[in-house]
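Could you slot chain B onto chain A? The hints should help.
Number of protein chains: 2
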Amino acid sequence: MDLQDRKEITENISYLLHEQDIPKLKNIIVDTHPADLADIIRDMDDDERNEMFKLLDPETASEVMLEFDDVTREDLIKDLETSRLSEIVNEMDSDDATDVIATLPEPVANTVLSQIDTEDRVEVEKLLVHEEDTAGGIMALETVTVFDDQTVDDAIQVIRQKSQEIEHVYQVYAIDREGRLVGIVPLKKLILSSPETLIRDVMQRDVISVTAEKDQEYVANLVSKYDLLTVPVVDAHNRLVGRITIDDVVDVLQEEANEDIRRMAGISSEEALQETSSFRLSRNRLPWLFIAFVGELVSAFIMSRFNASLQQIITLSFFVPVIMAMGGNSGIQASTIVVRSIAMDEGGASNRWDMLYREFRVALINGLTFATLIFAIIYFWLHQPLFGLVVSFALMFVIVFSVVVGTIIPVVLHRMKFDPAIATGPFITTSNDVFGLLIYFSMAAAYLKWLQ
Amino acid sequence: MDLQDRKEITENISYLLHEQDIPKLKNIIVDTHPADLADIIRDMDDDERNEMFKLLDPETASEVMLEFDDVTREDLIKDLETSRLSEIVNEMDSDDATDVIATLPEPVANTVLSQIDTEDRVEVEKLLVHEEDTAGGIMALETVTVFDDQTVDDAIQVIRQKSQEIEHVYQVYAIDREGRLVGIVPLKKLILSSPETLIRDVMQRDVISVTAEKDQEYVANLVSKYDLLTVPVVDAHNRLVGRITIDDVVDVLQEEANEDIRRMAGISSEEALQETSSFRLSRNRLPWLFIAFVGELVSAFIMSRFNASLQQIITLSFFVPVIMAMGGNSGIQASTIVVRSIAMDEGGASNRWDMLYREFRVALINGLTFATLIFAIIYFWLHQPLFGLVVSFALMFVIVFSVVVGTIIPVVLHRMKFDPAIATGPFITTSNDVFGLLIYFSMAAAYLKWLQ
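Residue numbers (the numbering used here), protein chains in the order written: chain A, 1241 to 1692; chain B, 1241 to 1692.
I should point out that these hints are in silico values taken from the structure, not numbers from a laboratory. This one's a predicted model, so the numbers in the text were calculated from it and none came from an experiment. You can trust all of the hints, since none of them are fake.
Only pairs whose alpha carbons sit at most 25 Å apart, straight line, appear in this in silico DSS-like list of lysine-lysine:
(1) A:K1429 with B:K1402
(2) A:K1465 with B:K1266
(3) A:K1266 with B:K1465
Here are the computed distance ranges between Cβ atoms for each label pair:
(4) A:R1445 with B:L1295: 16 to 26 Å
(5) A:E1248 with B:R1445: 13 to 23 Å
(6) B:D1594 with A:Q1397: 48 to 58 Å
(7) A:F1600 with B:Q1401: 49 to 59 Å
(8) B:Q1624 with A:D1310: 45 to 55 Å
(9) A:A1548 with B:E1372: 51 to 61 Å
Computed footprint of chain A on chain B; a stretch qualifies when at least three of its residues, placed anywhere within it, have a C-beta under 8 Å from a C-beta of chain A:
(10) 1429–1436
(11) 1462–1469
(12) 1483–1490
(13) 1517–1531
(14) 1545–1558
(15) 1597–1605
(16) 1670–1677
A virtual CB, placed ideally from N, CA and C, is assigned to each residue, including glycine.
Pulled out of the complex, with its shape left as it was, chain A reads as follows (with noise of 0.2 Å):
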């Protein structure tokens, strides 16, 4: 649905709400997408929200909420009756109504899990002892399985008792007697054979699978690596414990995108659109803009010290900006390319040494290129050969500073177990600030020492 069709139905369900056409409404989100729905309520003011997701039914409105951002979700669960949303939890898949659960205060999350059905209750708690961005905190538990001595016809009943349970199924897993995972049929494969055929006899025995403490990145390259529809998730003992869908892996592969992109630009935590307060907002941004200012107090620090300096060759400032310009964008090539190789795990740790020898070279090329025409345009324009070749030499020696810095730093980070994006963030641009004004300044009060 494009913006127009949205904009046009969003006015006609105001209309319909202002003039109480309860029938009307209805047949408009019978004709609408969950995931439409849930965009159309979200530009909606609070009344309205409320009154429109009072209509929805049990099902739709469990559909609705999955597509919310968390900022919506939580305010319209905020103003929700409590029996309201369990029966809503309650269609949930147990890796969706765990989501839900997770974000709810503590009260209101055991009434919810008190009056929801006892098995899923029983799913929900299971799950939520997981961390949220592991395997175990996307899988759900619901999947289809049977023992590898059951038939092809066993299958087709094991898909017919849990298709209400489960809307989507791609594939069936086969356990042997002891619950241990040994093989994985695709529903095309049952299809194809005669009922009596014996699962152990149709099943891919190769079978990539996970266990709950690996982390969400890990599994949503195992999926785009092996082209996986669902990963199952095993315990230590190789049993079945649940299942991870692909559109559960799509999420994650955008969280994971957007997490490296924001810490790229320092921003904390996750910041919905939605969100409105300033206050929360600013809080999610200073941190990494107070590390910056520390840093960049070190700069003027630095500065202060080489105050002579200064004002023996007042020119000294006018080139500040191009040396911190010129290391930070170039430290922060690096450490992208850097960052990237190291999320999507291409190369092997061998090839750490490859990287950093490449990116050297790169740097001094481009280092090389911009060293020329510095000393050219200083040469031109003030006169001063000399003076030029300081700032040359400094220009070139900063691009290779920061480069190697940007490509150290996010295999080290990742070494340590942090995450390699918060590297090319203000954390790294700062440090890369301050040292390329130290470099500049040394050279330059060598130079005038020099000079005397």
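Below, chain B without anything else, positioned relative to chain A:
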């Protein structure tokens, strides 16, 4: 397969290649996933790589080739005989074959086209006309299609016929007798329905489809929003022409995220980590660095125009890095949020003003915070309260200015059909530097004038 395993296998293969133990090598090949084989072969030196690749049967070779990055693939194809290459391409789906052929030099591409099956050639030629980053560029022509007046059993027969040609079947498309797409049948539905049921009675009628010229990012957003497994591609008359599967969409999502991140860092085009030519890499990064360089020279020029002010208070120059860095970082935070929201199609155009207002408020809070801090610092460090006021006002103004620019520019770029991601790169940071310094020195000059 983790790094350790891969290393062991690689060493093992090196040894076996040296010993020319072909049977054992073939065993390893059969036991290893093509995606892992691709990793292993990529890390070999040229001779081993070619020797190993020769041992793969055409089907495995085609799968391995598709897993390679562009640089490795080109390297390998260079040393491949055209007849062997044709044999390999012949094994590929039409979309993958097209991608490979599109990268070949024209004479080689023509030879390969003349050597593959006629049917495949016709398909590839059809696909070659589409832009690489559109729905047409990523679609495959192979589809499992039935008429809506056929039965479930007919559909199963079609799947059986196409089973060889199409490895992964997720859904069956239903068309009417004019070839128009009218429905989709998930495999689960086929399994659970009796063979004589009519397709039109089991198909889902709300089909989300795209036309071939749609941008691949649009397709990816559809898949992510509506949790789709495949997206059918139709022509202007809604006739089915091809399909896009989720594994290709996963690749698109990663590609687009990488592209955004690269553009934010000012790197022109895709850089494979396997790229070893320093000059090619350097050419990829120089353009944006050059823009930054020219911009910062303007900064130098501005500072030279304020030479008189600088001579009077040398301390003015100490705070150049603070002003530049705080403006730059705040601007990048704002534009990152805006760029991502545009890429993920969050919120409509109607919300752009809300976004600007939101960012403005955040900038005010953050600006005030740092203005207060810098005033206190200058007061206690340099004991110059009036000068402190000038710097703190300038800092506040620069932060707000940079945030407003960082919010507006991506929206404008998007309207003008440019990728908004370039807005967070050196382009905007550099212009923020220049304007930031201009603001800072203008306020300082006014202050000096007022002192006299």
